[in-house]
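Peer 1: Sequence:
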Amino acid sequence: MLGPVETRSVSPVFVGRADELDTLNDALARARAGEPQALLLGGEAGVGKTRLVEEFATAAGRHAVVAVGGCVEIGADGLPFAPFSTALRALRDALPAQFAAAAQGQEEELARLLPDLGEAGTGRHDEQDMARLFELTARLLERIAADHPVVLVLEDLHWADASTRHLLAYLFRTLRAGRLLVLASYRSDDIHRRHPLRPLLAELDRLRTVRRIELARFTREEVGRQIAGILAAEPAPAQVDEIFERSDGNAFFVEELAVAACDGCCTGLTDSLRDLLLVRVEALPESAQRVARIVAEGGSTVEYRLIAAVAQLGEDDLIEALRAAVGANILTVTPAGDGYRFRHSLVREAVADDLLPGERSRLNRRYAEALEAGPTLVPADARVMRLASYWYHAHDAAKALPAVLDASVVARRRHAYTEQLGLLERAMELWDSAPQEVRSALRPVDYTEVYPPCGCDPATAPLRYLDLMAEAAVAGRFGGERERALKIIKRALRLLEDEPDPLRAAWFWVQRSRLVQALARGDGWQELATAQDLVRGLPPSEVHAEVLALAAGWSMLHRPGPEAFAAAERAVEYARMVGARDIELHARLTLGGLRVDAGDTETGLAEMRQVLRDTLAEGVHYVAGRAYVNLPSELQSIGRDREAVPLLREGIDFARAHGQMDAESWIRGNLSEALYSLGDWAEAAETAAHATRVGHSAKPRGQGALRLAHLALARGDLAEASRQLAAARAHYGTHDPMPQLSLPLARVALGVAAEEGRIADVRAELLRALDGGFPLGTHRYGWPLLRAAATAEAEARTLPAAGPGRAEILDRLGNAVRGLATGAPLWQAYDQWTRAELRRAEGVDTSDDWAQVVTAFECLDRPYELARVRHRLAGALLADGGDDERDRAVELLRLAAAVADHLDARSLAGTVARLAQRARLTLTRAPRQALASADPAAALGLTSRERDVLRLVSAGRTNRQIAEELFISPKTASVHVSNILGKLGVSGRGEAAATAHRLGLFPAETLTAATAGRDLR
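To convert, take the position in the sequence shown, counting from 1, and add 14; that gives my numbering.
Think of the hints as simulated: they come from the structure by calculation, not from any bench.
Watch out, some of these pointers could steer you wrong.
Claimed, not checked - The calculated lysine to aspartate or glutamate pairs, modelled on EDC-like cross-linking and capped at a C-alpha distance of 20 angstroms, are:
1) K713 / E495
2) K985 / E960
3) K504 / E451
4) K997 / D897
5) K985 / D862
6) K501 / E443
7) K504 / E443
As the list claims (entries may be wrong) - Derived DEER-like restraints, expressed as beta-carbon distance ranges:
8) D897 / A778: 20 to 28 angstroms
9) L630 / E700: 25 to 33 angstroms
10) G119 / P389: 27 to 35 angstroms
11) D512 / G119: 45 to 53 angstroms
12) G786 / Q975: 49 to 57 angstroms
The structure presented is a predicted model; accordingly, all values stated were derived computationally and were not measured.
Each residue gets a CB set at the ideal place from its N, CA and C atoms; glycine is no exception.
Modelling step: build the complete structure from the supplied sequences, incorporating the hints.
Peer 2: Printed below as a string of structure tokens:
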């Protein structure tokens, strides 16, 4: 009975596509070799994308695990992360042990993509949620692909939800390890100017790591081969010509025309695409046509049991109808064998478009009613979203509103914030149409971001329209839809003008402040100040505590001072009173940093360390990430970089484990700065470059670029310094100036101008910085800037162009130096250095001035700065004249040259070499005799006193401790240390101690006795 409708419309012969297959196979070979590959496959509907992917996947399956996921269209709503969920499920089924090992410890977070892993984690949501999920997904794929080649195929990207698009973009940007190939396909003819996929394609086109394949239509020869495969016989040339002309080489249209011609229904067929697509559907029995219409409205894939519930046919009749549709190649069975889908989406769209308006809403209602009556008819993770879609398209506001709100909760739990926003906007659209009794029965799921419940019991207080707006505003902010969120907030604030509610209004102003900053439209202070005015005088609440905490944090970065201190203290107090632990920890961290900046160093550091311990113990990860940024930064602010380094490395591990990319980028920027200070410039550059790549937001990436600019300046690469400086400025923007950003930018810009001899630009940068002032805690940025400006003035002392305005500049510099804090040994050393440079700028510096600076830096772990001031002392000694001074200058220059060579500090190396050349000094040593004598110290040329000093250096003594033990002055001890370093040919005290140990200069018991009873920590 079914014989006449069974047709072979798919050619068993794969036609053409040799170049495209070569590209895919080449990418697979590269991926198998450990080079991740990213490819986009585009082409118009019906051109043969799916067939090409199937052929490639079949061949690739012999060498790799192939996981395929398709974007799903249900009405106008895509399921969040649908293709990734499907593909990850396939990957887990193929490699269960490897998948479990790769996901270990992150199952709660990854369950947002793959619910099979268990319950998704709960807790506070934040703007980094989505980025964190993306990072963990990328790491999961990299780990699995480390041992097994993996091909991840994502089909029908033109239907992808925003979250899927964002995740794909993240993978394409960040995957750099593993034997992984990611292939995504899309319909190019669907990508109109406003299509949401268009910006993503433009972004990916700019990535050199992404290859794009555009699938062309078949040639006439290829069409002939396709028809021959379909008909199992060579077609007549006239038939090939006709079908080629009418199909224009589109593979799917060739199939439909060939089958139509074979069935004898081609005659009289119009050129209407819709007619062509529907001709075989209309040839089906009426029951099969009815089932096809049901499946068309159900979505991309519809489960058999759901079809049965909606169709309400007898089982035998339903199976016969489905068999007819499958036999005619209209429908096909899903790979899992539990449902049906149209063989080609073009046919589904044509059938769906042919439905009458009332017919469409009736089918959606029957789908919704069937799903409510049988929740197990579809997979559990898809049920809520599909029910919301069915009720919405059934145009039943009373049923749709609760269903849409339930779906918004699911989207939020999956961190699909853009989808959540769309659903909440849909709920706001339905609000007035829904009956009052339905709205009264709705309850808030939670109160997002301390949104105030107004003292009402959440279990009994009905959901308000304003509550929807609050959820939508946060969803937009978290999902990157900031313009939409800002519009919602403005509407909410207008509503609150008519119905005053200070707490809710303050909450919306806080959200507005965040969005204004994120959209680069201001620094957000005006909005925060408005929120403060609204809560002033109100009883303590979470909103009040958050407003104070945010105001304190803002002030710490922009205008630190007594007001910031007071706000932080009150935020801690209020948060404790209302039990807002997260806000309390956040405010305590701010308060600790403000204490350090104010000079109460140990109290502030102790508070910050305690916050870090508390957040780690309590799982408050977003505050812990901030603590790993701020605590080491405060240590660096007082010159304790070596103490900060292990904390920073620990912080990087933490941030990576929890997917906090912005925190990781900030931490890497701080680590780069610490490594620069400690003399490890190679790792500093590598770390800074990593910071520019890993950051999710612009500012942390800007810090990485700034560190690279500073390194390039020190190495004498002015072009690279200027390029990275421009990149940092672009990342930072001009809308939200902060001293911690503007002062380091000015320092590098000033340095570049000085190296290029542009003294006017040097002064312009300096004056802008001086006009802005140096607020509390910014001395760490102020001292390097003032020192660089003083050095530039000293270098330009004899230039005629530097004469005008010179006295005023030096006077302002002197005033700034006298007013800047020097609360740590590092900044005391910088104070002495800057003052010495100012005296050099006036031509009155002496070797005693520079000897004091050298002594100050010898106690610090700053090899580059020490080398620079040694060079200055050498110059002053040479100016003094005398053989002893000349000998000492040689040793100082040798030490400075050794450091410059080690760091590749080309600017310093050139300066040292020029000074030595002018003074006719030879810095290279004659080859040493082998140290084979009984006394290696004698062979090194060490005097008796220098041996004593080296013994104490090896024991870890400072210059002051050496002076006390040997009854000499610290200055004399410093001179001895400098001479020892020169004779050993090393650049620092640690290397000197290592050399002494290697040569066995001092027995172990001597060092043990020397260090007994002394705490060297």
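Peer 1: Any hints this thing doesn't respect? Which numbers, in order?
Peer 2: Failing hints, ascending: 3, 8, 12.
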